[in-house]
Amino acid sequence: MAKRWKRIAAAAVAAALAVGCAGGKSSGPGDQNGGKILTITLDGAQGRQAELQAVAGYLKQIGVDAQVRVWEYNTLVEEAKAGSRDAYATDWGSSTFSPFDLAIPKLKTGDRGNYSHYSSAELDELFDLASTSVDEGEAKNAYFRAQEIIYQDAPWIFGYYRDTIEANSVKVKNWKPAVDGRINLHKVSLEGGDTLVVGLRADRILSLDPANYRDRETETVIRNMFDGLVTRTPEGEVKPELAESWETPDALTYVFHLRKGVTFHNGEPLTADDVVFTFNRILAPDGINGQPSPRQGLLGPLSSVEKVDDYTVKMNLSSPSPVFLQLLVHTQIIPEEYYNQVGFEGFSANPVGAGPFRFAGGSLDTEISLERYDDYWDGAPPLKKVVFRMMPEPASRIAALKAGEVHIIQEVAPDSTQLLEEDPNVQVQVAEGTRLYMIELNTQRISDPRVRQALNYAVNWDEILQELYGGYAHRVSTAMLPSGFGYHDGLTPYPYDPDKARELLKEAGYAVK
Amino acid sequence: MASLWQFLKRMIRRQPLSFVGLLVVLAYLLAAIFAPWLAPAAPDEIALSERLRPPLGFEGALPHRPLGTDMLGQDILSRLLYGARISIAVGTGTVAISLTVGTVLGTLAGYYRGWLDQVLSRIADLLMAFPYLLFAILMMGILGPGLLNLTLALTFKAWVEFFRVARGETLSEAQKEYVEAARACGAAPWRILVRHILPNIAHTLAVIATLRLGYMIIMEASLSFLGLGVPSNMPAWGSMVATGRDYLLDAWWVSTVPGLAILLLVVSINVLGEGLRDLLDPRLRSG
Amino acid sequence: MRWVAIARRLLTALPLAAGIVLVTFFLLRLMPGDPVDIAMGAAGNVTQEEIDSLRQSLGLDRPVWDQAGVFLYGLVRGDLGESIRSRTPVTELLKQALPATLELSFAAVLLSVLIALPVGVMSAVRPRSLWDRVVMSGAFLGISMPPFWLGLVLMTIFSVMLGWLPTSGRLDAGVTVPTITGFLLLDTLLTGRWAEFGQAVRHLILPALTLGAELTAILSRVVRSSMLEVMGMDYIRTARAKGLAEWKVVLRHALRNALIPSVTILGLQFGVLMGGNMIVETIFSWPGLGRLVVDAIFARDYPVVQGAVLLYAITFLLINLLVDVLYTWLSPRIDL
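Protein chains in written order, with the working numbering: chain D, 1 to 513; chain Y, 1 to 287; chain S, 1 to 336.
Heads up, a few of these hints could be off.
To spell it out: a stretch of chain S is covered by chain Y in this simulated footprint if at least three of its residues, at any positions, have a beta carbon under 8 Å from a beta carbon of chain Y; those stretches are [what the hints assert, rightly or not]:
no.: 1; segment: 13–20
no.: 2; segment: 73–86
no.: 3; segment: 98–104
no.: 4; segment: 131–144
no.: 5; segment: 153–162
no.: 6; segment: 311–320
Everything labelled a hint here was simulated from the structure, so no lab data went into it. Even for Gly, the Cβ is constructed at its ideal location relative to N, Cα and C.
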């Protein structure tokens, strides 16, 4: 008796699937003009699903059979690299304000981030020229020409960058979000209190050792404890920090003059020895507990560092690098004597730096507490204590901010800004982001540039970005950010032109609707 | 057919609540099958001007979108209907496969004993010690996305439960006299298994299968909540809840409504299963 | 007490745990995705040479059998390797995360027992009453609830909308408690920090409720049914006939025997609890094993996943053993 039920149930389910798959109200693809129908699968992680569905909607309107598939991001990247997918929603961050770590790794032949399998010899040449030239004008022209090529070849459905939306309690004074996402609390003060809590979007900080991490949230915490030779303004300009001034006697040499009278949290004075030690540790193949530092790439073509005298350091590059100073922002100086005393583990457990705040306790997966360092070279900070709290759940960050449990939060979703703007105790602030989002196309599979251009014309990005991100996302014309060096202002992003898209598809031999 | 009707009558009389559960489950099944005709819109029909509208009864609701819309303006009701297909397909698929595999292996192990039993039991122990979700995540990572892969990933651990029950029941049945008698008559082992032992343990297995069905549906939803579910533009209930997480404060229905759908289906299945247990196999009764 | 039997169980548990970890080891390496690539992040300033050299220094470019050998050798010496992302020794990460998960699991079990016992007993005492029906319906809801949804709903109502309970973490912001055992409830009491004790409790409530919902439902039903069974037995009637007060009958005699199946269920369900804490920890940002292992899987951080699975397996096997021991202690007729 029970067995019969099982059989009936199984038959019913099978019937359901059969009937259902045959039926279905999804808007169908085109069928006119005899040509074959273009079929594309748009792959992406859950976070981009909404966007991909909107894009698929536009593609279907011109007769492309577009389907969306949701993947786990890292699995998708592997598949894309293997060349087995059509189109995939990816993103790439840049920290040097230059195509050096954005367009180049994404589009140079065979480079690490080139998931679209795109290759152009002319482009490669232009990239090589621009990234090593010391003549800014020459580099700019090369990048301009590169962008024109990229625009024409359209290896991607070009995308956008998002604003960094952060929010703070109105009691927080003198703080605004930085373009590189860093939360710098040195000159910040809090009305009616001296302990400020920051809600971070990360769920753990990787390390308190400035040479042993790779992500932005860790960097935010570390740069409040450690200073580097140079730093960045919130607008992205390089300015001196521990180095008072510098010269470049030739394209391959930098000489830095250190500030005098700077001390570490344990009282040790900062000298050239510490600088040399810090950089050698990162350059060495076994500098971090027997293994290479994950920040080696951030040194660019740096080949060696020498002490000239107690307050002068000379750096030698193996090839010219126009972005060297921008890269240097990401390396912080540690005290040699202290490190040698306590060792790798001791240092990670009790870090000592030269930044405005010193380590006061906490654990990497819950929260890190810092307290004021009175002898900071640039003046003691107004805040006595700072807490960086891990809060990966967006709703809880917002709830905590509204409740006054935290004072600054990272990553506010565009849809939540209205809720916060209505709250008189809260202020929403915005900075231009440095992460590029795009839909990369497999140029081996979609090899006709006309088709790729058509895909670009077919999508009404303005509407998608407005609806999904409420005006907090901005289109880019190719693969470079407006905040980066060499951005071609003259190129406008592909306009929404479905007729032109249909024309191009027909030309390429596909059926359109 | 007559006995089925009799059975249903008995159910209405003795376990009316289970009957209601059965009706609800059937309703879901029909909804899933006839989704294209029942749904007010296509599940992936985007209407960016109708985003985040609440369900009927709340301010700003749209009459043709009775359960509200999500962040792309897609109709939540339609997405629920189509999503039912995934959940039901994966749930029943997993239970069906693991029931079969587990029963076959379990009865064989329980009847023949020996090294077969030892090996299978060790494997079963090994699998039992893995947290379910963890194992499923690993399997999904390896197999890659897909409806079939998801079903396989869930089956990999699910069969163990049926294996254990089948084995245990077979062990006790095999001691009984009628089996001894059959063996003495020279009946072939497979005959004994299929004709005698299996029908007697079928009731127990059927009840367990029903009870596990609800759990499988929750597992599928959990996996798609984590972004590891079926990668298709067919909406899975779990991923609907996940994408609504960013909107908990202002558009709570995007996460809550799909969750309620899951809850209702699983409750109905469990109520049905309980009723079945009472009717089919009073020995198993535990209140 | 059969110490020999216990010892034998412990001995068989070890190779079982090792087997589980080995299976995980190979499963992990079958997953597409390169841990080094992921650890470096999708950012531009990394070269292929860097990645290759890092991979080499981590030994990830050696054949799988080699890696397995290295891992097993380390395992025997108690070295579980280092996280690929943060270079922290895995044992450190596990040491930090385990108390959080254990505390949450215990809180869930405690809450479940505190709710299920009285509820189940009262139901059994008044079968078929309105109360009984309400309880049974509640139990159905409990086992049918998708845990991720329940957690979000509880958080939305009690933290986001009402603001009564906190949304994440184990303590309020900026509060530290010296780590003695890693269990906040103990550490705060041991150091006399009463305010922090209250905070720890408040932070535990929602996650423990979410995690323990299913267990509460199952337990109440088991308590109810075993009480019902026992209450109908002869020796209860004898006790009543002897003139003992009803509540004494209920509590002293019936309950004691009802505990036996409850203990078994608890043990069986503990494995489910351990499996379920991944989702609960993610939602409530609880810094425990579950969250650690989910993140590590997504980041292909092999050593962390391996270490976590080993810990899960050992905990599971130990709890099973504990339950069996408790069982024989409670009911001496049954042998280990």
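Checked hints:
1. 13–20: Held - the segment 13–20 of chain S has 4 residues with a Cβ nearer than 8 Å to chain Y, which meets the minimum of three.
2. 73–86: violated (count 0)
3. 98–104: violated (count 0)
4. 131–144: Since 4 is at least three, the answer is holds.
5. 153–162: Coverage by chain Y holds here, the residue count being 4 at a Cβ distance below 8 Å.
6. 311–320: As far as the segment 311–320 of chain S goes, the hint holds, because 4 residues have Cβ atoms under 8 Å from chain Y.
Checked against the numbered hints above, the structure violates hints 2, 3; every other hint is satisfied.
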